[in-house]
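Each chain, letter by letter, is given below.
Number of protein chains: 2
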Amino acid sequence: MERLSSMYEDRIRCAAVRGKVTSAAAAAALIHDGMRVGASGFTRAGDAKAVPVALAERARQEGKPLRITLMTGASLGHDVDRTLTEAGVLARRLPFQVDKTLRDAINRGEVMFVDQHLSETVEMLRANQLGKLDVAIIEAVAITETGGIVPSTSVGNSASFAILADKVIVEINLAQPLALEGLHDIWIPGRRPNREPLPIVHPRDRVGAPVIEIPPEKIAAIVITNMADSASTVLPADEETEQIAGHLIEFLQHEVSRGRMPARLPPLQAGIGTIANAVLAGFVKSPFEAFEIYSEVLQDSTFDLMDADKVTFASGASITLSAARHAQVFGNLDRYRDRLVLRPQEVSNHPEVIRRLGLIALNTALEFDIYGNVNSTHVGGTHMMNGIGGSGDFARNASCAIFATKSIAKGGRISSVVPMVPHCDHNEHDVDVVVTEQGLADLRGLAPRERAVLIVEKCVHPLYRDMLRDYYRDALKQGGQTPHRLERAFSWHTRLNETGSMREETAALA
Amino acid sequence: MERLSSMYEDRIRCAAVRGKVTSAAAAAALIHDGMRVGASGFTRAGDAKAVPVALAERARQEGKPLRITLMTGASLGHDVDRTLTEAGVLARRLPFQVDKTLRDAINRGEVMFVDQHLSETVEMLRANQLGKLDVAIIEAVAITETGGIVPSTSVGNSASFAILADKVIVEINLAQPLALEGLHDIWIPGRRPNREPLPIVHPRDRVGAPVIEIPPEKIAAIVITNMADSASTVLPADEETEQIAGHLIEFLQHEVSRGRMPARLPPLQAGIGTIANAVLAGFVKSPFEAFEIYSEVLQDSTFDLMDADKVTFASGASITLSAARHAQVFGNLDRYRDRLVLRPQEVSNHPEVIRRLGLIALNTALEFDIYGNVNSTHVGGTHMMNGIGGSGDFARNASCAIFATKSIAKGGRISSVVPMVPHCDHNEHDVDVVVTEQGLADLRGLAPRERAVLIVEKCVHPLYRDMLRDYYRDALKQGGQTPHRLERAFSWHTRLNETGSMREETAALA
Chain U
-19 MERLSSMYED RIRCAAVRGK VTSAAAAAAL IHDGMRVGAS GFTRAGDAKA VPVALAERAR
41 QEGKPLRITL MTGASLGHDV DRTLTEAGVL ARRLPFQVDK TLRDAINRGE VMFVDQHLSE
101 TVEMLRANQL GKLDVAIIEA VAITETGGIV PSTSVGNSAS FAILADKVIV EINLAQPLAL
161 EGLHDIWIPG RRPNREPLPI VHPRDRVGAP VIEIPPEKIA AIVITNMADS ASTVLPADEE
221 TEQIAGHLIE FLQHEVSRGR MPARLPPLQA GIGTIANAVL AGFVKSPFEA FEIYSEVLQD
281 STFDLMDADK VTFASGASIT LSAARHAQVF GNLDRYRDRL VLRPQEVSNH PEVIRRLGLI
341 ALNTALEFDI YGNVNSTHVG GTHMMNGIGG SGDFARNASC AIFATKSIAK GGRISSVVPM
401 VPHCDHNEHD VDVVVTEQGL ADLRGLAPRE RAVLIVEKCV HPLYRDMLRD YYRDALKQGG
461 QTPHRLERAF SWHTRLNETG SMREETAALA
Chain R
-19 MERLSSMYED RIRCAAVRGK VTSAAAAAAL IHDGMRVGAS GFTRAGDAKA VPVALAERAR
41 QEGKPLRITL MTGASLGHDV DRTLTEAGVL ARRLPFQVDK TLRDAINRGE VMFVDQHLSE
101 TVEMLRANQL GKLDVAIIEA VAITETGGIV PSTSVGNSAS FAILADKVIV EINLAQPLAL
161 EGLHDIWIPG RRPNREPLPI VHPRDRVGAP VIEIPPEKIA AIVITNMADS ASTVLPADEE
221 TEQIAGHLIE FLQHEVSRGR MPARLPPLQA GIGTIANAVL AGFVKSPFEA FEIYSEVLQD
281 STFDLMDADK VTFASGASIT LSAARHAQVF GNLDRYRDRL VLRPQEVSNH PEVIRRLGLI
341 ALNTALEFDI YGNVNSTHVG GTHMMNGIGG SGDFARNASC AIFATKSIAK GGRISSVVPM
401 VPHCDHNEHD VDVVVTEQGL ADLRGLAPRE RAVLIVEKCV HPLYRDMLRD YYRDALKQGG
461 QTPHRLERAF SWHTRLNETG SMREETAALA
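Taken in sequence, the protein lines are chains U and R.
Under this note's numbering, the first sequence has 281 at position 301, and the numbering climbs by one with no breaks.
Under this note's numbering, the second sequence has 236 at position 256, and the numbering climbs by one with no breaks.
Hint data in this document are derived by calculation from the structure and do not stem from the laboratory.
A portion of the hints provided could be inaccurate.
When chains are identical, the list treats them as one kind, so a pair holds in a single copy or across two.
[What the hints assert, rightly or not] Once the Cα atoms are required to be at most 20 Å apart in a straight line, the calculated EDC-like pairs of lysine to aspartate or glutamate come out as:
(1) 386 - 66
(2) 438 - 450
(3) 265 - 193
(4) 290 - 230
(5) 265 - 484
(6) 457 - 478
(7) 457 - 84
(8) 457 - 90
(9) 390 - 220
Construct all of the structure, not just a fragment, from the sequences and the given hints.
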């Protein structure tokens, strides 16, 4: 191994740990049945790519129980969650995932999935509320002279995982450019009850260290990899997302003209996924001058906006790009370097900073109801899609919390605006604005009855508008602050189950 | 008026405003139809007592439209909300109330009630999201030489109301002891986006001014009153609340023994109302040594715990006591003075401080479901009870968020644990522990299917346990991360509407 490790002197600068270079299989041997493992990775960026796969391979070969709790930042790439699921390695998974095979196992009750606010996982770990973390697997671009770990394209939960775990496995990924070094700002909250304020008062503030600082002797193994991040899977903008962006830009212009927002917008957060990315990209054509992004994942749209001189600075917990953008950004990182910082997700998503900065938060809804309650996670109220992610961290504490969705799905068989959401991730208290391609409803300062009228008139697809008016009229007979007919509240969802469509006439014609 | 005002030189020390002393009716004349009015008052403490009543009287006498938006800290005493409702003065009310007459008007749709997190009202006002505040009515014990307003038994939203309103009416209440002066700590967040951290790092920290600082020329009228706060209406502890306290104390001892909490507990928050007060009072008999309270309302239990040397310091936004405790505490304020501070509710309930301090948050649930979602506000999912209050501010950001309720109500005709809550104020992501007199369920780190089993076995009343087991068994056939039968999810609530009981056999026997 000595010869091998000396090849990577620029990547492993701490002589004391050079002898730890080993194979993924040997590193995975540190992980035993029943352990809690924390792995790097946030929205497919900077994920541990070799050791989890080697672990799955071992489980398949040994054929004896090897089931772990796996915690990550957010979603992983390279089908790692699928590979682990198929090998039966996942007993428990948190706090987020986007893998179809894993999702199916979760929904069958085979993997216990703990769907968490992304800012909270390491806070709970630190407070010993999730048990002791045995092993951390962290992708890095380098280990410094003093043993500091330089993360790659995401920070996510990596820093606290490394600090809190008994043993740390580092995956040095040669495919990740060394130029990433210096981009990170690692600030870790102190132990309570004597914690000091989180000192960020501006998205560009650097308040921590550029590396993850742990005692080098905790590094139990180093594995060399050479594999690019999985490319982003988000879809390009389409007519509906452009319409949503248009409504939002008009709304924000109105906010500025009414003196509710400064002409230079407050910092923006945009959630993971196609709609938020496409809507944000729509801001390239907006009249707004330079603004900042304080978000979790930085997607293609962030760099579109930088190139258009709309975004002057972007703070995130990860960078997840399409293949073309990936090559362009990481091949020319100096072009963006001074306008970027990557932070722990506990910091990017911290209630304290979000409220202090007064963010505009834009997140995607699976569906919302006539009173503005949002379902972000559960298809049909029961089946997990991905998880709540950071949407709750941001929506609760933003100065303006916006949820966007297309008004219909599946060719009109599903309405994204429903009488009552069968799973509530964000309630009326936290949702300021809802928007579809049909229009935008500003719910701030309105009582539920006022919200309902506005949402029905502004956001619902014409295919469902009369049905929703009818529901609301009937609900009013029941009265109350938030009128509902509990007998009918989920009738759209049960009809969808039974007939394949939420629409009434489909049932009649069937 | 000159003679009158000179009588109150100890109360009105700013000579420039002494001439503003006038009658409640004359002060109320500053308020016109369509205005937005902010009034002091938090859980019946320190409420404006004279001007709102004079306004109602004028509305009755004039018989022409006089409808306002009324914002307060939280609930008012002296039937002020009833009086205003009966006079038809309330067009819009926020962010909290507890009055039966007002509640009925809200539920009939006659008063638009905006149910808000208590930390957010003045944040939204400051950001111009709720319109301009025309008049503030603030109860005070004194006005200082420089025009500083010394609040009485609550701070609530008074400071920001006074700062943001065009005109300020001060009610100097002679029945409130001058000894209250110095108890308050008024810190106001700066305008965003250049806001600094909120510097509280310990419940006892004083970071602001002892008075509300506004230009004296904004004081448009001063009204002299002499009326005690309405006494607290909370009920004494009973067998069930003592059992709940017992479960909680056992849980917290376990947390300490497992190293999850320090032996000196983290600061405690306890919500408004009978159950939280009674449970907190149960801590008098706990083995815990001195701890601190960082809460919104300080009820009798706070002083019981101080007298028992259990609580060394208490920070709140108001003090609301029973008649006997009121006389004892305010007659001997020096006994408690060094252990008390009253803050704006924006500070007492601020996410930044709550998360930093790592509070234990204890709040009351109206009902919760098998997955730990909590309804705090809506009877039957439709009819407003009081409002969410501060429970969301605390539960989302506490290190341990606990919700308590008795397992049954109305002699067993209602189960407080239901298949699905018909209104969700706190969802699975924010609820760590649920407890009834039956037992306690620690939900942290558990997937929904695990939560359900625990809640059914630990918290449900025996009258409903088999019914809930049956529901869950059936829901499992539907599968998913959060199994439900949407067709049956609200069947307990609709049965209650139809038969007067959630129990199945009642229906069969009827």
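Do the hints match the structure? See the list:
With identical chains, the CA atoms of residue 386 and residue 66 are never at most 20 Å apart, being 33 Å at best within one copy and 44 Å at best between copies. Taking identical chains as interchangeable, the C-alpha atoms of residue 438 and residue 450 lie at most 20 Å apart only when both belong to the same chain, with a minimum of 16 Å there against 41 Å between chains. In this assembly of identical chains, the alpha carbons of residue 265 and residue 193 never lie at most 20 Å apart, being 42 Å within a copy and 45 Å across copies at closest. For the identical chains of this complex, residue 290 and residue 230 are intra-copy neighbours only, at 17 Å inside a copy versus 56 Å across copies, given an alpha-carbon limit of 20 Å.
In this homomeric assembly, residue 265 and residue 484 never come within 20 Å of each other (Cα to Cα): the closest approach is 40 Å inside a single copy and 60 Å across copies. In this homomeric assembly, residue 457 and residue 478 come within 20 Å of each other (Cα to Cα) only across copies, at 16 Å, whereas the closest approach inside a single copy is 27 Å. Proximity of residue 457 and residue 84 under a CA criterion of 20 Å is satisfied inter-copy only: 15 Å between copies versus 41 Å inside one chain copy. For the homomeric pair residue 457 and residue 90, the shortest alpha-carbon distance between copies (14 Å) is at most 20 Å, but the shortest distance inside one copy (44 Å) is not.
In this homomeric assembly, residue 390 and residue 220 come within 20 Å of each other (Cα to Cα) only inside a single copy, at 14 Å, whereas the closest approach across copies is 51 Å.
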